[in-house]
Amino acid sequence: MSNQTTKLVPTPGQTVGPFYGYALPYEKDNELLAPGSPGSIRLQGTVYDGAGEPVPDAILEIWQPDADGNIVKQTGSLVRDGYTFTGWGRGSVGYSGVYTFTTVNPGPTSPGAAPFISVVVFARGLMNRLFTRIYLPENQEALAKDPLLSSLDPERRRTLIARRDPDGGLTWDVRLQGEGETVFLDFQ
Amino acid sequence: METQQDLSAEINAIGDAYARAVKDGAPAETQPRLDYAPYRSSILRHPTKSLHHADPETIELYSPAFGHQDVHALEADLTIQHNGEPQGERIIVAGKVLDGDGRPVAGQLVEIWQANASGRYIHKRDQHPAPLDPNFTGVGRCITGPDGSYKFTTIKPGAYPWKNHVNAWRPAHIHFSMFGTDFTQRIVTQMYFPGDQLFPLDPIYQSIVDQDARDRLVATYDHELTQPEWALGYNWDIVLTGSKRTWTENEALGAAGDEE
Ligand SMILES: [Fe+2]
Numbered sequence: 082m083s084n085q086t087t088k089l090v091p092t093p094g095q096t097v098g099p100f101y102g103y104a105l106p107y108e109k110d111n112e113l114l115a116p117g118s119p120g121s122i123r124l125q126g127t128v129y130d131g132a133g134e135p136v137p138d139a140i141l142e143i144w145q146p147d148a149d150g151n152i153v154k155q156t157g158s159l160v161r162d163g164y165t166f167t168g169w170g171r172g173s174v175g176y177s178g179v180y181t182f183t184t185v186n187p188g189p190t191s192p193g194a195a196p197f198i199s200v201v202v203f204a205r206g207l208m209n210r211l212f213t214r215i216y217l218p219e220n221q222e223a224l225a226k227d228p229l230l231s232s233l234d235p236e237r238r239r240t241l242i243a244r245r246d247p248d249g250g251l252t253w254d255v256r257l258q259g260e261g262e263t264v265f266l267d268f269q
Numbered sequence: 022m023e024t025q026q027d028l029s030a031e032i033n034a035i036g037d038a039y040a041r042a043v044k045d046g047a048p049a050e051t052q053p054r055l056d057y058a059p060y061r062s063s064i065l066r067h068p069t070k071s072l073h074h075a076d077p078e079t080i081e082l083y084s085p086a087f088g089h090q091d092v093h094a095l096e097a098d099l100t101i102q103h104n105g106e107p108q109g110e111r112i113i114v115a116g117k118v119l120d121g122d123g124r125p126v127a128g129q130l131v132e133i134w135q136a137n138a139s140g141r142y143i144h145k146r147d148q149h150p151a152p153l154d155p156n157f158t159g160v161g162r163c164i165t166g167p168d169g170s171y172k173f174t175t176i177k178p179g180a181y182p183w184k185n186h187v188n189a190w191r192p193a194h195i196h197f198s199m200f201g202t203d204f205t206q207r208i209v210t211q212m213y214f215p216g217d218q219l220f221p222l223d224p225i226y227q228s229i230v231d232q233d234a235r236d237r238l239v240a241t242y243d244h245e246l247t248q249p250e251w252a253l254g255y256n257w258d259i260v261l262t263g264s265k266r267t268w269t270e271n272e273a274l275g276a277a278g279d280e281e
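If you read the protein sequences in the order shown, they are chains A and B.
Count along the first sequence starting at 1, add 81, and that's the number in the numbering used here.
Count along the second sequence starting at 1, add 21, and that's the number in the numbering used here.
Some hints here could point you the wrong way.
A few chain A positions that, by computed beta-carbon distances, are all more than 12 angstroms from chain B [to be verified]:
#: 1; residue: G120
#: 2; residue: Q125
#: 3; residue: T127
#: 4; residue: V179
#: 5; residue: Q221
#: 6; residue: P235
#: 7; residue: G250
The calculated EDC-like cross-link candidates involving lysine to aspartate or glutamate, where the alpha carbons are at most 16 angstroms apart (straight line), are [to be verified]:
#: 8; chain 1: B; residue 1: K172; chain 2: B; residue 2: D258
#: 9; chain 1: B; residue 1: K70; chain 2: A; residue 2: E262
#: 10; chain 1: B; residue 1: K70; chain 2: A; residue 2: D267
#: 11; chain 1: A; residue 1: K226; chain 2: B; residue 2: D76
#: 12; chain 1: B; residue 1: K265; chain 2: A; residue 2: D267
#: 13; chain 1: A; residue 1: K88; chain 2: B; residue 2: D122
#: 14; chain 1: A; residue 1: K88; chain 2: B; residue 2: D258
Just so you know, these hints were derived from the structure itself, not from any lab.
We put the CB at the ideal spot given by N, CA and C, even for glycine.
Let the hints inform the model, and build the full structure from the sequences given.
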């Protein structure tokens, strides 16, 4: 590979629009694991707009390490065999703005690191995708040391940490705008 | 309800302000504005706080893997999904997916969806009174080759009306979804056709305020890609944001791609 000196300018994004619903979703898109299988948890939440109303036309993707913190390199996300954990899933919200995934608690990718799930949000009316993270709520010491979380005010930091449900699942809402606005990330 | 004139005045005012800012030394914008009021549905759906700068870590430096197990080769031809031929102008859309350093993105998933030749989507929310085509669904997928190349056979989508304002029409476009080598390169966008008269009127296209940046979404007619007696060819390359991963030599050569 020759040395590249000139960077290419990235292609702009555009809104996913209203009509992705017959194209992007597919069977078991939100089931990284079969529901009810050992170790599986439900991750769910609601996407809200700036008026606090649920957004009925948003679609989320999650990408995460497995329960041991390994980054998975398995194909098969689009045609799930029911056994292979690929680490990636796609979930559309319903009319009430609620999305659901069946997945596992991500493990720490290095000892003592705060485990998180990487998230990308698309919606009609959202001009470009938004990146964010979902952290597990448990390990306070790891959360306190996390480079991203420790760079945020406590109030904003809270938007990236999921709540643990009584059934062992996780709840994490997306607020696109206004009070409790989710922290969205710029990696450039 | 607002007219196109109202909307165009807003679009032009934002465009003029941007042109002045650039003249005064502001950097060129390369992405759409998240806060772009002429697209009315964006008003309550854009973050008001600026995006928080973060260094990508661990999982974010990798992408999910897709392969030929996930996508059948025939999914790249949108004209053969039914018993008959779809109506419309048959086209070939081909190009490459590259990262910001010009490296091909090999073995990655590309998904597209589009309206039919009449400007109608097979979607229950599409109320446009134009005919559905029983021979056209408008959904395709493929896996990029070792050189980052993709190629779809489809029909040229029609322009379609929407309810942003009175007499609002979208320029003909194909929705594209791509992955890179890092999850932070994830992109969903729209590809347009050259010379569309609706460009200046469309708040979605105009949400990218920089003309050079908008041009990056417009395919080029390519007579080399056109097939005699068969289909017109359009070329469109996609550049993802730069990869932040430290590359091994094999990966940089594309050996990590799915080359079955
Ligand atoms: Fe569209």
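* Quick check: which numbered hints come out false for this structure? -> Result: no hint breaks.
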